[in-house]
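Trainee: Going down the list, the sequences are from chains Y and Z. The letter at position 89 of the first sequence is residue 89 when you use my numbering, and the numbering goes up by one with no holes. Basically my numbering = 1-based index in the second sequence + 134.
Each hint should be verified, as a subset may be incorrect.
Here are a few chain Z residues that sit away from chain Y, every Cβ distance over 10 Å (derived from the structure) [claimed, not checked]:
#1 Leu137
#2 Leu140
#3 Leu147
#4 Val148
#5 Gly152
#6 His167
#7 Arg170
#8 Gln171
#9 Pro172
#10 Arg173
#11 Ala176
#12 Gly179
#13 Phe189
#14 Gln230
What follows is a set of in silico ranges between Cβ atoms, one per label pair, in the way DEER data are often shown [what the hints assert, rightly or not]:
#15 Y:Ser106 - Z:Phe183: 31 to 39 Å
#16 Y:Trp12 - Z:Leu138: 35 to 43 Å
#17 Z:Leu137 - Y:Thr9: 27 to 35 Å
What the hints contain is simulated information worked out from the structure, not anything from laboratory work. Keep in mind that this is a model prediction, so the values were computed, not measured. Ideal Cβ placement from N, Cα and C applies to all residues, glycine included.
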Amino acid sequence: MRDRPSGFTNPWLQLALSVVCVFVSELLLKRGASDTANPAQAWSWTGVTGLESPLVWLGIIFVIISFISWLYVLRYIPLTVAFPLSRVVDILVPLGCWFFLGEAISPRRWCGIALVIIGLAVTAKPVARLEERL
Amino acid sequence: MTLLSLVLILLALVTFVGGQLILKHAMESTVVHGLRQPRFVALLGCGIFLMTISFFLTLGLLQRFDLSYLYPFQGLSVIIISVMAAVMLKEKLTPQLIIGALLITAGVVLVSMS
Chain Y
1 MRDRPSGFTN
11 PWLQLALSVV
21 CVFVSELLLK
31 RGASDTANPA
41 QAWSWTGVTG
51 LESPLVWLGI
61 IFVIISFISW
71 LYVLRYIPLT
81 VAFPLSRVVD
91 ILVPLGCWFF
101 LGEAISPRRW
111 CGIALVIIGL
121 AVTAKPVARL
131 EERL
Chain Z
135 MTLLSLVLIL
145 LALVTFVGGQ
155 LILKHAMEST
165 VVHGLRQPRF
175 VALLGCGIFL
185 MTISFFLTLG
195 LLQRFDLSYL
205 YPFQGLSVII
215 ISVMAAVMLK
225 EKLTPQLIIG
235 ALLITAGVVL
245 VSMS
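Could you build the full structure based on these sequences and the hints that come with them?
Mentor: Set out below in structure tokens:
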């Protein structure tokens with residue numbers, strides 16, 4: 001990993017920003033897509049019918065912000081490290097669906113969430129050690 | 135789940151993985167050559183194109199499935215991207231990173247099967 005800027009331009013902070021934006025966008029897109037769902041429409045599989053919802057457009061804004069942060073992250077952090085860590089969103093999304101959208105989480109799903117947390121810890125540990133040394 | 139929805143989920147996954155690898159390659163090239171080079175613009179355009187296809191396919195799928203069910207399919211992308219980044223972009227893939235990626239993938243798949 002090459003020399004990195006600090007403060008707001010710190011790639012780790014940008015990674016966190018990207019994850020939060022993806023999380024918010026997923027919830028907005030799901031709500032917007034559900035509001036406009038009409039499986040009878042010919043083009044509904046392409047997703048473009050979702051554009052009728054303002055929530056989808058707001059979701060797209062968050063997607064763009066997360067995308068720009070992500071490009072910045074890619075410049076500094078290897079994909080083999082950054083991408084697995086970015087999947088913290090896979091925990092945030094089911095938890096957010098449970099909390100904000102009222103979707104159920106089964107015991108098996110909780111086990112899956114626990115496995116993801118362990119996986120994230122295993123991935124982040126060598127990176128944290130490397131950061132301490134710098 | 136119908137065959138069509140499975141194909142669309144896989145297509146969304148493949149375009150997502152391809153897009154990520156191309157974008158990483160594009161951003162790597164900016165370190166040496168800067169942002170104003172035709173190669174970077176072409177790679178960035180290609181990556182954005184693939185990510186856009188993945189985005190709209192996912193949006194279409196979201197209209198039919200619960201997000202907490204559908205989204206974790208992308209968890210498979212963790213192990214796929216880690217291996218592909220090591221093979222195609224020559225990134226270092228330590229045993230610890232492989233274990234971490236496998237645990238995340240297993241967890242996400244378990245979440246999606248619930």
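Trainee: Which hints from the list above does the structure break, by number from lowest to highest?
Mentor: 13, 14 and 17
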